[in-house]
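Engineer: Below are the chains, spelled out letter by letter.
Protein chains: 2
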Amino acid sequence: MVKVIVIGSGNVAQHLITAFQNAEKNESGISLIQVFARKRESLAALIPIQKVTNQFSELLEADLYIIAVSDDAIESVSSELLFKNRLVAHTSGSVPLTLLNNNNRKAVFYPLQSFTKGAAVDFKTIPLCLEAENSIDFQMLSKVGKLISDHATAINSQQRKALHVAAVFANNFSNHLYQIANDICKENQVPFSILKPLIQETAKKIVAIDPEQAQTGPAKRNDQITIDAHEAFIKDDNQLKIYKLLTQSIQHNGKKL
Amino acid sequence: MVKVIVIGSGNVAQHLITAFQNAEKNESGISLIQVFARKRESLAALIPIQKVTNQFSELLEADLYIIAVSDDAIESVSSELLFKNRLVAHTSGSVPLTLLNNNNRKAVFYPLQSFTKGAAVDFKTIPLCLEAENSIDFQMLSKVGKLISDHATAINSQQRKALHVAAVFANNFSNHLYQIANDICKENQVPFSILKPLIQETAKKIVAIDPEQAQTGPAKRNDQITIDAHEAFIKDDNQLKIYKLLTQSIQHNGKKL
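Heads up: the protein sequence lines correspond to chains A and B, in order.
First residue of the first sequence: 6, per the numbering used here; consecutive thereafter.
First residue of the second sequence: 6, per the numbering used here; consecutive thereafter.
Only chain A is shown next, with the shape it has when bound in the complex:
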């Protein structure tokens, strides 16, 4: 039986707790033996309260401790652990493995998904980026990872950094462009819902084809008449700046000008 402890009570921690509890039900040989939360009652709906501790001194012995806290708390939380030479992972996309305290063996257990509180996700579909200091630790990490995700992959700190930057472009920034589209629709009394099928289709396309091949639109066609008309239409300075920069970038194929 592989014994896991989750440290944290936020978004990622809660999704991990649910995923491990589901894995337990499937008798997969894993056990979430304990959770650490400063406010024990914050997890009352999720897990039997007697499994939750708020004392580092009460932490049981486990094969893997997963610190699922905010980036800036990882270092201090890892230094508060009172045991030594156990396997301790954080769940951050942007924090290096080396930030973890030297008292224990370091690892990363990073689920690449943006979790929304309360919104159920099928953890099995989420890519899990794993990193450890040696192959024995990696095997343990991988064993645990594969029990909750179908996409557990070895990713080192440098690759993880790249992934995190890439995810900001592909996801955070895309979502912001959806917001601008929504703003433009609102200003012009057009229901944003008309755009939703196209947004889904655009995202779906790149599962099968390279985004470079999938590119369409006036910038790609070098349709200057439409580009001029759009720039004349856009009244907001910030929107106009973004329109011009991304149009230019498409015309230069995303490469340095």
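These are calculated hints, taken from the structure and not from any lab test.
Where hints are given, some of them may not hold.
You can't tell identical chains apart in this list, so a pair holds if it fits in one copy or across any two.
Cross-link-like lysine-lysine pairs, in silico, BS3-like; alpha carbons within 25 Å at most [as the list claims (entries may be wrong)]:
| no. | residue 1 | residue 2 |
| --- | --- | --- |
| 1 | Lys56 | Lys89 |
| 2 | Lys246 | Lys191 |
| 3 | Lys240 | Lys191 |
| 4 | Lys56 | Lys151 |
| 5 | Lys148 | Lys201 |
Model the placement of chain B on the given structure of chain A, informed by the hints.
Structural biologist: Coordinates of chain B only, in the frame set by chain A:
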């Protein structure tokens, strides 16, 4: 029986031809009686060749003529029609209704989707933006539209212009951000496929929640340490410009600075 003729042989024309042929099969009271294509043989795989003409003088009488050609050819093609006072629509998101020749009654029949040649689409799911000069013409347009799409909506030229600009942000620009993410992955030997579930999830989220509510990431959290680390990581000037501008825009909630 409503008689429709499609003029054009490109991407949109081909998808319309397929959609109308499917509607015919369902005995919906619509008939695609003819197609105009300069090169008749280009449609040989799609429709019986005797239904295709390359002579404007041979065009039959129909209830609706749909000009599905590139934006810059709409005006000239509409002026080549030899009949008068019939209902003629174009399929463009960015061309005003008024650009059509005065000889006939003008309309717009704009499917809001980016079609990829050869890739099958369920036309029923595609939003169809309709505009006519009077309510009788609009009724005919709407009747035809509803036979091939479950989302036929009245959209005037000003709204259509807004939609087209919004679609460039939400789709063309998002796809370009996917490409940049792909480039960053490639440069760092990370498989882009790891990001694909997150991309789908980001697009799916905004079906249910407002993009403003769905926004996540370092810019939204004002996490300056991560933003600085990302900016230090990005080596390409163009990527860095985009990162900075969109980060700033998220921090100002997409409003003018």
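Engineer: Each hint: holds or not?
Structural biologist: Against the structure, the hints come out as follows:
With identical chains, the CA atoms of Lys56 and Lys89 are at most 25 Å apart within one copy only, with a shortest distance of 22 Å there and 80 Å across copies. Proximity of Lys246 to Lys191 under the C-alpha cut-off of 25 Å is restricted to the intra-copy arrangement: shortest distance 20 Å within a copy versus 28 Å between copies. Only within a single protomer do Lys240 and Lys191 lie at most 25 Å apart by alpha-carbon distance; the minimum there is 14 Å, versus 37 Å between protomers. Within a single copy, Lys56 and Lys151 get their C-alpha atoms as close as 24 Å, which meets the 25 Å cut-off; across copies the closest is 57 Å, which misses it.
Taking identical chains as interchangeable, the C-alpha atoms of Lys148 and Lys201 lie at most 25 Å apart only when they sit on different chains, with a minimum of 23 Å there against 39 Å within one chain.
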